[in-house]
Structure formats: C-alpha cells, structure tokens
Amino acid sequence: MLVTLCVNGEDSTTDVLPRTTLVDFLRHSLGMTGTHVGCEHGVCGACTVIVDGDAVRSCLMLAVQANGAEIMTIEGLADASANLSPLQEAFHRHHALQCGFCTPGVLMTAHALLRQEPNASKERIREVISGNLCRCTGYMPIVDAIFEARSSYQPASPATRARGR
Amino acid sequence: MKLPKFDYVEPTTALEAVTLLSQSRGLAKVIAGGQSLIPTMALRLAQPALLIDLRHLESLRGIAVDEAGLRLGAMTRWREIQDSAEVLDTHPLLVEAVRHIAHYQIRNRGTVGGSLAHADPAAELPCIAVTCGASIRVLGILGEREILADEFFLGPLATALGDDEIILEVRFPRWPSSRQWGFQEFSRRQGDFALAGVAIFYDTDNSGRLENAHVGVFGVGQCATRLSGVESALNGRTNTISVAAEVARLAAAEVTPSDDLHASARYRRALVAVLLERAMALARGERA
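If you read the protein sequences in the order shown, they are chains A and B. Residue numbering for the first sequence follows our numbering, starting at 1 and increasing by one per position. Residue numbering for the second sequence follows our numbering, starting at 1 and increasing by one per position.
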C-alpha cells in the first residue's frame, strides 16, 4: 500500500506492506534509525515518536495507519546545523542518559508533554515518563532535566517561537 | 516480534465495516487504536487474515452529554476523555479510572470501543461500564442492538459481540452531582494491568444513609463484576470506618479470584478488602 506522510517536515510516499509497523517503516524504509526498537509490543517506550502532536509508541501503530499524518522523530529535535534543542541540552547537563538506548523515546515523550503542558509538575513528569523504561541512569536526572527544560517551552520563550513545532 | 501477514482495509462507513466483517467469516479483526490488538498479533496470540481499520468512521467519534447521561463514541481515545472538562463534570469516576489506564503514549491511541471489545478482565473501562450499568450500542449486518454491560462481558477476552458486529458507542446513565464515589487499583508498576481494582459509588438520603450502592471489582475473576452482597450490606447504612471494614471482609469473601503467574488468589482477596476500604474512605471525602 502507498503511504504518504510528512516526517520532520519532509513529505514522502512509499509502498509498504500492511504488516510494517511505523517504527520499522521509519528505520528500514526511510533509513531514520534514531528511533529505537525495544520490546516490539508496547511495553518499553523506546520507539516513542510524535504523531500529529501526540506521543505514541511506533511499534503499536502500523505505517498504513499513519497515512496522511505528520510525524516527528528524534532526528527532528536538533536544528539543521545539529545544535541540540534546549531539552537535549538539559539532558546533557543533568547526565540524564547513560547507554542512550531509551533516550530517543524519552526525549520524544518529554517533548510532546512539554509542548502540550509546559507547566507540568514533577509528579506529572514522573507519571508520564513511567511509560519509558530506562535500565541504567535512574529516573532522577531524567525528571530533573525535563523539569528544567520547561522554561524553553513557555509560550513566550524564544526557543518555542524559533522552532515553531 | 514482527507482525504476521495480513490484508488491510479502511472502510468509510460503519455499514461497510460490518459488511466486510461479515464476509470474512471470522478471519478478520477490527482495529481501532490497536494498543491491545497489535501486541496480541506480535505475540502470535491472534493472526487475523484481514484488519478492518475504523479510523475513518467519523460517526464513531465524539463525546456527548445530555439528560440521559454520557455517550462516548467507540473511537474516543482515553486522551480525549482526560482532556474533556465536560466529562470530568458529568462522570468523575470514569475520569479517575481512565487516569489509571496504561501509559501516556498508549492513552493517546487506545480507544473506548477497543477496550470494551478486547474485554481484558484487568482493564478499567469494562469495570466502570459494569459498575455504572452502562449499555453498549453495536451494529451488525442485521442492524443495531443495545447490550447491557452486565451481559456484554462473558469472560476473559470474550464478549457478546457477534462475528459481524462492531461497537458504535457506550452510554452511561446520568450521574447526579451529589453522588459519592471512590476508585482504587493496585499494580506493581505504574501503568501495568491491575492485580485488583475497585470502583464504588452511592447516593445518600437526608440522614446520610447510603442508597443505590454500586460496587464493582476487576482483575479478580473472569471479568469485571458487581458485588451484590457488598451492595446490599451498604444500602441503609452510613459510610463509617467500621462499616467500611465490615464490607471489606465481605468483599474478600465474595470475589472469586484464581491463582496465576502474577498473584495468588489469597493475595488478590486481601487486596480487594484493602482497596475497598480505601475507596470507601475516598467516597467519604478523605481525598489525599
């Protein structure tokens, strides 16, 4: 089936089998391997991407179900000259990653959350990030980094205006 | 694991969907949010030859509140319930239960109809539907019918839905604003399926005595169920700490859990007692 979608601002049309999950489509058809495949049954959160503004598990969505959707992956978080986004910088500062396998999913979850709830409390951040398994860093630095990044998601913040997404 | 092979269609009307379903002779599955079906397929517990995606059926979307109560279209996502101030006003118990469903990302895709049709014994919505006396409107090749939640769930992953039927919407009776309620569930990790859960609500007469008590449990049997013994013991009493302790013991005796990989039957009985006591405290107004 032909699937047309917009990933990180670029449109593409690709022929895929219905059985192809969105994450396999991103990795194999589009060659965007930043999104990781973990459990492949919706438990670990490593494959989280943003579809039409909402964080979703891309192993639990078929590529054909994303036909017509606007998708943002980890590749779309830094700007064109590879400058880290304020959220990524906060992760760097707080040492909120170690092996990095879960990190793309954690970042996309946090990015979707802060875009929709720029004033999320620490309790809310913890609840939301419970859907992403991290087995090495521990969640404290992750929660601290997301909490600190809130300032760059405020409606008036220059980062939000410049990025516009 | 990668998904097994299947064909995929996107009907644009509900009638087209049930026609396709009927023609498939049981080999097709309907997909809504896919948050239960896709893992089931990944683990090869289901291998449908055809997936019928309901995503273009606008008539299955939407939340409506009227004199009769609350109506949720089958394709309503958890997220939409959580974002709706209207639902919070008209059905606070439902909103509290939805807060406990899975994780953030799953609530962005998972749907009301999907949860009802999947009928996991540890899922929240089937329990709320049974506890509140909701009814489920379905469409088949021969037309529409309405099924009481109580008669809809037949066992683990088994419902009264016919082979050619899809869920259109679920209807909850009107919820008086003075109603007292409590919801509690326990899972080992945030977002996991509950080992046990309890939903209660009741109205009170002028002297504070309980009437119309509804007590539902999930995760502790073949499907979500009301505890009629506990409900009769509550009607006509007041919700005090000692009454709560008394009905908690009754509840532990009334449920029929079995031992499984995740918990023993004995542990689940004890959980039901504790969760009911806590839900009674919440209904009294002791909110944390």
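Read the hints as simulated data drawn from the structure, not as lab findings. It is possible that some hints are incorrect.
Here's a subset of chain A near chain B, in silico, CB distances under 10 Å, partners left out [said to hold, decoys possible]:
no., residue
1, T14
2, T21
3, R27
4, L30
5, H36
6, G38
7, E40
8, V43
9, R115
10, R135
From the three backbone atoms N, C-alpha and C, an ideal C-beta is built for every residue, glycine too.
These are the hints, each one checked on the structure:
Against a cut-off of 10 Å between C-beta atoms, the interface hint on T14 of chain A is violated, since the closest Cβ of chain B lies about 15 Å away. For T21 of chain A, the interface hint holds, the least distance from its beta-carbon to any beta-carbon of chain B being 7 Å, beneath 10 Å. A distance limit of 10 Å between C-beta atoms decides the matter here; for R27 of chain A the minimum to chain B is near 12 Å, and the interface restraint is violated. At a threshold of 10 Å, the smallest CB-CB gap from L30 of chain A to chain B is about 17 Å, leaving the interface hint violated.
Contact between H36 of chain A and chain B, as hinted, is not supported at the beta carbon level, the nearest pair being about 14 Å apart and thus beyond 10 Å. Residue-level restraint check for G38 of chain A is violated (minimum Cβ-Cβ distance to chain B is 12 Å; threshold 10 Å). A hinted interface residue such as E40 of chain A counts as satisfied when its beta carbon comes closer than 10 Å to some beta carbon of chain B; here the least separation is about 6 Å, so the hint holds. Annotation: interface hint on V43 of chain A holds; nearest CB of chain B at approximately 8 Å, less than 10 Å.
Taking 10 Å as the C-beta contact cut-off toward chain B, the hint placing R115 of chain A at the interface is violated, the least distance being around 13 Å. Among the interface hints, the one on R135 of chain A is violated; its C-beta lies about 13 Å from the nearest C-beta in chain B, farther than the 10 Å criterion.
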